[in-house]
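Peer 1: Protein chains in written order, with my numbering: chain H, 1 to 377; chain W, 1 to 297; chain E, 1 to 350.
Since the hints were derived computationally from the structure, they do not count as laboratory data. Remember, it's a predicted structure, so these values are computed and weren't measured experimentally. Keep in mind that a hint or two might mislead.
[Stated by the list, open to error] Partial list, computed: chain H residues near chain E (C-beta under 10 angstroms):
#, residue
1, T25
2, D166
3, Y171
4, G321
5, P325
[Said to hold, decoys possible] Ranges between beta-carbon positions, derived for each pair:
#, chain 1, residue 1, chain 2, residue 2, range
6, H, K157, W, I150, 43 to 53 angstroms
7, H, Q374, W, N137, 35 to 45 angstroms
8, W, T180, E, F323, 45 to 55 angstroms
For every residue, glycine included, the Cβ atom is placed at its ideal position computed from N, Cα and C.
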Amino acid sequence: MKFGKVGIALALVLVFAAGAFAADTVKIGVFLPLTGQMGFGGQLELDGIKMAYKEAPTVLGKKVELIVVDNKSDKVEAANAVKRLIEKEKVVAIIGTYGSSLAMAGGEISEKAGIPQLGTSCTNPLVTQGKKYIFRTCFIDPFQGAGAATYAYQKMKAKTAAILIDVSQDYSVGLANFFEKSFTKMGGKVVAKLNYNSGDQDFTAQLTEIISKNPDVLFIPSYFAEGAIIMKQVGELGGKFKIMGGDAMDNPEIVKIGGKAVEGFAYTTFPYDPTMKNMSPIAKKFTENWKKAFPGKDPNVNAALGYDSYMLILDAIKRAGKADPKLIRDQLEATKNFPGVTGSTTMNATHDAEKPVGIMMIQNGKRVFVDVIQPKL
Amino acid sequence: MSLDMFIQHLFNALTLGSLYGLIAIGYTMVYGILRLINFAHGDIFMLGAYFVFFGVTLTKLPWGIAVVLAVALSALCGTVIDRIAYRPLRDAPRISALISAIGVSFFIENLGLVVFTGLPKPVYRPDWLVEVINLGNIRILPLALIVPAIAFALVMGLLWIVYKTKPGLAMRSISKDIETTRLMGVSVDKIIALTFGLGSALAAASGIMWALRYPQIHPFMGVFPGFKAFIAAVLGGIGSIQGAMIGGMLLGLIEIMAVAFFPALSGYRDAFAFILLIVILLMKPTGLMGEKLEEKV
Amino acid sequence: MKTPNKNRDLTLTTAAVGLLLVFLWWANGHLDNYKIQVLNLIAINSILALSLNLIYGFTGMFSLGHAGFMAIGAYVSSLLILPPVQKEMIYILQPLIWPFSVLQAPFFIAVLAGGFAAALLGLVIAIPVLRLGGDYLGIATLGFAEIIRVVFTNLTPITNGALGLKGIPNYANIWWNYGWCLLTLFFLIRLINSNFGNVLKAIRDDEIAARAMGINTFKYRVVSFSIGAFFAGIGGALMASLITTIDPKMFSFLLTFNVLMIVVAGGLGSLTGSIIGSAVITVLLEWLRFVENPIDIGSFHLDGIPGMRMVIFSLLLILIILFRREGIMGMREFSWDSLISRFSRGGEAR
Chain H
1 MKFGKVGIAL
11 ALVLVFAAGA
21 FAADTVKIGV
31 FLPLTGQMGF
41 GGQLELDGIK
51 MAYKEAPTVL
61 GKKVELIVVD
71 NKSDKVEAAN
81 AVKRLIEKEK
91 VVAIIGTYGS
101 SLAMAGGEIS
111 EKAGIPQLGT
121 SCTNPLVTQG
131 KKYIFRTCFI
141 DPFQGAGAAT
151 YAYQKMKAKT
161 AAILIDVSQD
171 YSVGLANFFE
181 KSFTKMGGKV
191 VAKLNYNSGD
201 QDFTAQLTEI
211 ISKNPDVLFI
221 PSYFAEGAII
231 MKQVGELGGK
241 FKIMGGDAMD
251 NPEIVKIGGK
261 AVEGFAYTTF
271 PYDPTMKNMS
281 PIAKKFTENW
291 KKAFPGKDPN
301 VNAALGYDSY
311 MLILDAIKRA
321 GKADPKLIRD
331 QLEATKNFPG
341 VTGSTTMNAT
351 HDAEKPVGIM
361 MIQNGKRVFV
371 DVIQPKL
Chain W
1 MSLDMFIQHL
11 FNALTLGSLY
21 GLIAIGYTMV
31 YGILRLINFA
41 HGDIFMLGAY
51 FVFFGVTLTK
61 LPWGIAVVLA
71 VALSALCGTV
81 IDRIAYRPLR
91 DAPRISALIS
101 AIGVSFFIEN
111 LGLVVFTGLP
121 KPVYRPDWLV
131 EVINLGNIRI
141 LPLALIVPAI
151 AFALVMGLLW
161 IVYKTKPGLA
171 MRSISKDIET
181 TRLMGVSVDK
191 IIALTFGLGS
201 ALAAASGIMW
211 ALRYPQIHPF
221 MGVFPGFKAF
231 IAAVLGGIGS
241 IQGAMIGGML
251 LGLIEIMAVA
261 FFPALSGYRD
271 AFAFILLIVI
281 LLMKPTGLMG
291 EKLEEKV
Chain E
1 MKTPNKNRDL
11 TLTTAAVGLL
21 LVFLWWANGH
31 LDNYKIQVLN
41 LIAINSILAL
51 SLNLIYGFTG
61 MFSLGHAGFM
71 AIGAYVSSLL
81 ILPPVQKEMI
91 YILQPLIWPF
101 SVLQAPFFIA
111 VLAGGFAAAL
121 LGLVIAIPVL
131 RLGGDYLGIA
141 TLGFAEIIRV
151 VFTNLTPITN
161 GALGLKGIPN
171 YANIWWNYGW
181 CLLTLFFLIR
191 LINSNFGNVL
201 KAIRDDEIAA
211 RAMGINTFKY
221 RVVSFSIGAF
231 FAGIGGALMA
241 SLITTIDPKM
251 FSFLLTFNVL
261 MIVVAGGLGS
271 LTGSIIGSAV
281 ITVLLEWLRF
291 VENPIDIGSF
301 HLDGIPGMRM
311 VIFSLLLILI
321 ILFRREGIMG
331 MREFSWDSLI
341 SRFSRGGEAR
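Chain H with its partners taken away, still in its complex shape (with noise of 0.2 angstroms):
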């Protein structure tokens, strides 16, 4: 009797440790959605990812191991396709995933077993909120305020904003708050902040206040569906400013519904787009591997983003010597100035990127990417 325990004990170290000497890989784990609502956009970041692994296959002296695992666009899903990166892969990081309720179905996953996670685009304030091996590669959706806030008091030479705000959205609050606390802290002055309701669709009263303070810039954190109207209001009432806005207002159809009135249009983005002037060399190198890699297929932000999640890992790897998930993630929050396609990264207190922040335009009816700036918090 005791004998046999004994020996399963002993059969069962021996197993072990031969898995510890096989190790001569490093195993990382991604786990995004291949299939289902979100595939079109997982796709796009595995494809990154692959392209940043045939570049740098290697850490440490040691092969890297990528397990790719779907998790077909469902939250239970995540749960369970991070559950086996852990429990039968045994990976040291995990990459993923794109969508802000699969990255937290996954990450609950995670910061259980200790195994740190890197999202990919989850923009979600809460997908880190609180958690110690949570992190991502993209900005948080408010971080864009201050990018719009800088882009407005740098460039546009602003001196003075109002704000219109969707009291009603945590987007839109959470933007309009960035955008406030980085135009002032620049020394610029918000002289008139005032709200709507979702659904309104006569603005004309907030409008008119707002004209009535001569702001030099307007800045609207609104969704697609009130955006274009406010500016079509705001050309009719004789507003002369500029108006800006976030990333909720990139849509093809702005042009048609807004017409003239969303001319001069600026709005903030991800810092990558395969149409931008004055790419960064690596932003140029991986555009161009990109076409080499996938003729006939444009190189977008997410691609970018999987990109850079990976290669941010592997240099996290790299930091701290030893393929262990715990030292991974102490190399991963001291994150500082890492350079990427996306720009240079930054990890902040709450293991969110801070990153540039890109700039589109509204010109001639067409959307064009004008900048890429470095928001002042």
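Using the hints provided, position chains W and E relative to the given structure of chain H.
Peer 2: Quick look at chains W and E alone, frame taken from chain H:
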């Protein structure tokens, strides 16, 4: 606040108020006769705007003709809804018809979402309607003057129908006592169908004008204006056509002026409408112009 | 005749409750999270439907303010159970003002407090608006619910505005929810069958006659309205803890409408109906989600169609109201007597 600004606010309020009033008339007609809050009214409003959109983009009709057709088609929709969803419930408890109305409303909205998709669509606007007129510092769209004018004309026309024609007499009779009216040989169902047709035509007309003023349409565009207009109808005294117009104007004025005088409270704008409603209901439970309605048993 | 039946009924009821508990215990251990979530929703929807049925089905007051009471209950209870650390973390725009920042209570007390806050508000609203009747009352209560929602959206230092409350502790497990549900049911059965309940039904059927009999109908209506608000607040509090995040958008007219529909589908003026209605409608609404999910049949791929679920649902609703307008139960109630007599009649026929 400067005088210019105040006048600008007044014009904004006038346009908004007359649109509310126009939608409110449709509510008031149906409620006055059937004691039914026709929740689907705001959705006919939406359909009207979409019909014009498709008329102009798909079939390339001239705008004017598309508008007329859209109004006629919406009137048809209204009577069909009445036939299918309300008429079988005439003698049921009132809650049944109300639930049915809410069901129809959800049905149209979500069918709209399925068929039209949720993406807002642009609205064609004839240039002469949107060429801004400058009066010193005050800027007015021709639309802002035309909408109240049309609203006024429609109210007059409607009053004429209700008070000077035979069907109008029948409508008023039904609103007092449906059974007696039936006994007197009036074809009640036809008159009610006519009422729905008229009400829906008005909803479509106001939807089209709303879309001209706020040029973007989507399947849920009727929800908020519908709610507000219903408040306007109650404010003015439900069942009264003049009351609906007055209620609409009052509501538009309150909404705009509340923001104008208390910009810091602009987030509460939607609450003002309801506060006004409750205050008026408590002071004069039948609304400003309403006669006392007997509760139907 | 009555006494032996009473004993029998008590035994049967106890057995049924015991059976339910055994089922829940089994479900808790064997069903997946999603199914347990649906079971939880059924219990909470039952509480909400029962409370609206008291106001509308038994007292005849057309109230559309349920979402408002739920919001009050949800926010009060959530603020009491949120740990202070979490409060500090989620109030990023403006810090939560004292005393809410430090107040803490056990879950049971918190839910109760949510209920009482809603009842208090119900009382404050009832005194002016219950003078109105019929549809006007419906509109005024709807107005109040909307005002509550708008105020909650704007009152950032207390409610955190549009950002809502997140990370609410998930205490509302199957035992709490069904416990509260049974408590509500028990209380309402006692209330409806008491003298007080008879007065309410008299008011519903003919208020003028009730008044002529010397009943202070206004007082009874106010009390009934407040009790309804109390349980709506309880339902809201449990729901907040079940889904762990709330924001003002949640408490729109749609929520009230869902509850109203359960009540009408189950049968106005039938407690049994409200319970059955909750089960049927909750399951139906969840089940209908499949039409909006992408479907793969072999190599054939269908994208999900947003909106389809509500299209089918509203169509079903119209059909129910057109062809079975009294709902599932009408005004009938479940009783052991009728069940047994039906059973034995069936036996005789054979």
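Peer 1: For every hint, state whether the structure bears it out.
Peer 2: Checked hints:
{"no.": "1", "hint": "T25", "verdict": "violated, 34 angstroms"}
{"no.": "2", "hint": "D166", "verdict": "holds, 8 angstroms"}
{"no.": "3", "hint": "Y171", "verdict": "holds, 8 angstroms"}
{"no.": "4", "hint": "G321", "verdict": "violated, 33 angstroms"}
{"no.": "5", "hint": "P325", "verdict": "violated, 25 angstroms"}
{"no.": "6", "hint": "H:K157 <-> W:I150: 43 to 53 angstroms", "verdict": "holds, 45 angstroms"}
{"no.": "7", "hint": "H:Q374 <-> W:N137: 35 to 45 angstroms", "verdict": "holds, 40 angstroms"}
{"no.": "8", "hint": "W:T180 <-> E:F323: 45 to 55 angstroms", "verdict": "violated, 29 angstroms"}
Hints 1, 4, 5, 8, counting from the list given before, are not met by this structure.
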